[in-house]
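Chains as they are written, first to last, in the UniProt record's numbering: chain A, 1 to 452; chain B, 1 to 452.
Source of the hints: derived by calculation from the structure; they are not laboratory data. Don't take each hint at face value.
[Stated by the list, open to error] Derived Cβ-Cβ restraints for the label pairs, each shown as a range:
id	chain 1	residue 1	chain 2	residue 2	range
1	A	Leu322	B	Ala27	45 to 51 angstroms
2	B	Arg7	A	Glu58	31 to 37 angstroms
3	B	Ala369	A	Arg176	32 to 38 angstroms
4	B	Ala369	A	Arg7	54 to 60 angstroms
5	A	Pro237	B	Gln358	33 to 39 angstroms
6	B	Arg441	A	Gln433	38 to 44 angstroms
7	B	Asp314	A	Arg442	56 to 62 angstroms
All values derive from a computational prediction rather than experimental measurement. The beta-carbon is built from N, C-alpha and C at its ideal position, and this holds for glycine as well.
Number of protein chains: 2
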Amino acid sequence: MGDTDTRDLTRQVADYVVAARLDDIPADALHEARRALLNYMGCALGGSGHRAMAITWEALAPYAGPPTARVLGRAGQTDPLLAALLNGISSHVHDYDDTTPSNYIHPTSPVASALFSYASMNPVTGADLLLAYALGYEVVTRIGDATYPAHYQAGWHSTGSVGVFGAAVAIGKLLRLDERQMVWAIGLAATQSAGLREMFGSMAKSFHPGRAAQGGYTAALLAQRGFTAGEHALEGPRGFAAVESAAYDLRVISDGLGRQYHFHQNTYKPFPCGIVIHPTIDACIQLRRSHQIDARHVAAVRLRVAPLVRDLCDQRDISKGLQGKFSVYHAAAIGLARGKAGLAEFTDEAVNDPLVRQVRECVVAEADASIAEDSVHVEVRMRDGKSHSLALEHALGNLRRPLSDAQLEEKFRDQATMLPAAQVDALIAACWQLDRQADVRRLVDLAVPGPA
Amino acid sequence: MGDTDTRDLTRQVADYVVAARLDDIPADALHEARRALLNYMGCALGGSGHRAMAITWEALAPYAGPPTARVLGRAGQTDPLLAALLNGISSHVHDYDDTTPSNYIHPTSPVASALFSYASMNPVTGADLLLAYALGYEVVTRIGDATYPAHYQAGWHSTGSVGVFGAAVAIGKLLRLDERQMVWAIGLAATQSAGLREMFGSMAKSFHPGRAAQGGYTAALLAQRGFTAGEHALEGPRGFAAVESAAYDLRVISDGLGRQYHFHQNTYKPFPCGIVIHPTIDACIQLRRSHQIDARHVAAVRLRVAPLVRDLCDQRDISKGLQGKFSVYHAAAIGLARGKAGLAEFTDEAVNDPLVRQVRECVVAEADASIAEDSVHVEVRMRDGKSHSLALEHALGNLRRPLSDAQLEEKFRDQATMLPAAQVDALIAACWQLDRQADVRRLVDLAVPGPA
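If we strip away everything but chain A, and leave its shape as in the complex, we get:
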């Protein structure tokens, strides 16, 4: 493929986005894009009732524009820039959205949050939305890969700081910006790039993809009207890469642009909790199923885990759902006691469930440097003296064990509890057939609670 010249990188990216057509993208890549959007939509529904959403809407509604846009999962309308922010918060607040392991970015939230807001008030075909999303995803992933790991390790939450580029080019594509305007949109995105990992553990983490969606959307609107920006936002000596990443390879952004796609780098979490405890949950669910384990009779659980798991998820004496998301003991307990780990398993109720607690209290976790981060060894000893064990190599949701389409649907249903079942079915079908939708507004209508 050969190295490309990156002295005019921002313009190259703009050119690509302006010229790209849906037909250019291979069918398997588009299927992965649809999977990502289905997963996104479910997460936006699942997070739509979170307190961070209510706070944001209450705090900012007095300053919101005419209510022309819809917020996924919520009744009522607001202006599309606030809706973009809200969609970004809901879809990320449970940390349940997609992740590209090559750069740790959650790529869909910032891009799709802007797009579904835009498409809730403007006539957009499903094909146009899918294309705009695909371009946003591709731009985010390339910029993320080009600056990983330095950018992330420095402390940037790249879901926000890189996500903003994806939102800008995606909305810019729907606005049919010309090349010069697209360059400005990228510039206005770069100069809003923000989000610190110091916010992890607070609501502000979910604010990052929301603000990226809103900022990228704003960038495209301003550029459309002729608001100028520096034209070397990515590659310039004081541009994004130079300022926000101690090391980077700009060719990763330009090489193969329009010929190679990165959709298969994406992964979907089966469980709404810290990724490092996924192997434990997965193994315990499998053990319960294989051996019809009755959790009431569990005497002891011994885990051998990668040392990182103890570093990050060593809380056993917990009382809050949020703590459960970062407890390897809770992970084993819900796997054995409930055989599943959806949103309901990380509530305060679940953490305080007597059976879950009873199992949690008999779990020990041993750090073992010979266990990989994506693996676990679990041994369950029953009161009757029987013992069951499993050595899991790769957890479900890993690139090597991706969620099936059916598993993505199951995850979706688990989060779409505010919608009637028939509406959920229709919404899932509409997501799978996104590029055949004549108007995405019909799909978005399915994603909000009806007037009842």
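Since chain A is already given, all that's left is putting chain B on it; use the hints.
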């Protein structure tokens, strides 16, 4: 004064802002704060008609909330968050606002742009606004000093990236946030910290203080409602200083907080153009005045300037006002031909004025390493053979030669051309007496064109 412990720095700053009272601030510092606000108000008026303002308003008005807030210098109303953005753009777009030479930040634009927007729609006393501004200025200056030069040299436009903290604490003070909320507001500001110097030379530069004002205002509103954020936003391992500055001294933020103020670090530009050509303009105005120079009879002008001046401002063959702002030849020409250098001297008209051009064409500028950046040597030779020269050590506007109150008023009047003279007089008087205003809305009403 002794070193303070900075492990809880964000909370210390929050404590200070929450507890501070106007009486705590020395009278001379408050006078400087009033000077800064007068200068700010003039700049906001002067930039209010800029094309970047019209574009922003047009692009974002469809998404703006109820029109309850005023934009300085403009008829009509919009929502206060958009008004904060617009005030930030207008007050910085001519690069004519204040500068603290210790960190190159334009500190007032991000803070006051949010405050005057807020106070245009809420009852706020002048004393409360002055206090909130003073706290915002102090926070910006301390964070700027603590991270200068590394943060700026890395490519951050700290007027935006640091300015956002000032807007957040200033609005937070008016909202009477408690300490915990103020900590969150600082966190939400930190995680929006943005603005790249790669945008210099485009409209996006003025977007930085605007977005900082809007983002800081938003941070305070969200924190008020309980939107949580990381609580070590300034000092944490992945907080603002660690992520955005390769070197810093956090004690500069905390040492003497509430006892030492930094208002005398502020400077006001007499001329709306690159700071490095200020000595040339100043010297030429002085020569014209001292020797009653008639520019029509100038035969030759010889400048000896610091080498940096040639590096940055070497354009002679120019046709646009914006180019004039970075031309040492134009600087000499307007000083000699017009005896002043206000906004009118950096228009396309002025640059193409035959007399200005005639003088410009007989200027030569010699880089001389013995001339300091704030100095110049000018020699003017007349057609009759007479010669006049001046060696200027410090340009007007420098910390050693600050603009007098009367000169600030003159600068204000030069920019307030959209308002009737009597209204300008009343507005200037109201600014000087800010802390005696019962309701700042009356002052803001004076800063917009009347219904006439």
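Results of checking the hints against the structure:
1. Distance hint for leucine 322 of chain A and alanine 27 of chain B: a CB-CB separation of about 50 angstroms, consistent with the stated range 45 to 51 angstroms.
2. At roughly 34 angstroms, the beta-carbon separation of arginine 7 of chain B and glutamate 58 of chain A lies within the given 31 to 37 angstroms, and the hint holds.
3. Taking 32 to 38 angstroms as the suggested C-beta distance range, the pair alanine 369 of chain B and arginine 176 of chain A does not conform, at roughly 53 angstroms.
4. Taking 54 to 60 angstroms as the suggested C-beta distance range, the pair alanine 369 of chain B and arginine 7 of chain A does not conform, at roughly 32 angstroms.
5. Range check, proline 237 of chain A to glutamine 358 of chain B: about 38 angstroms between beta-carbon atoms, so the 33 to 39 angstroms window is met.
6. In this structure, arginine 441 of chain B and glutamine 433 of chain A break the distance hint of 38 to 44 angstroms, their C-beta atoms being roughly 54 angstroms apart.
7. At roughly 60 angstroms, the beta-carbon separation of aspartate 314 of chain B and arginine 442 of chain A lies within the given 56 to 62 angstroms, and the hint holds.
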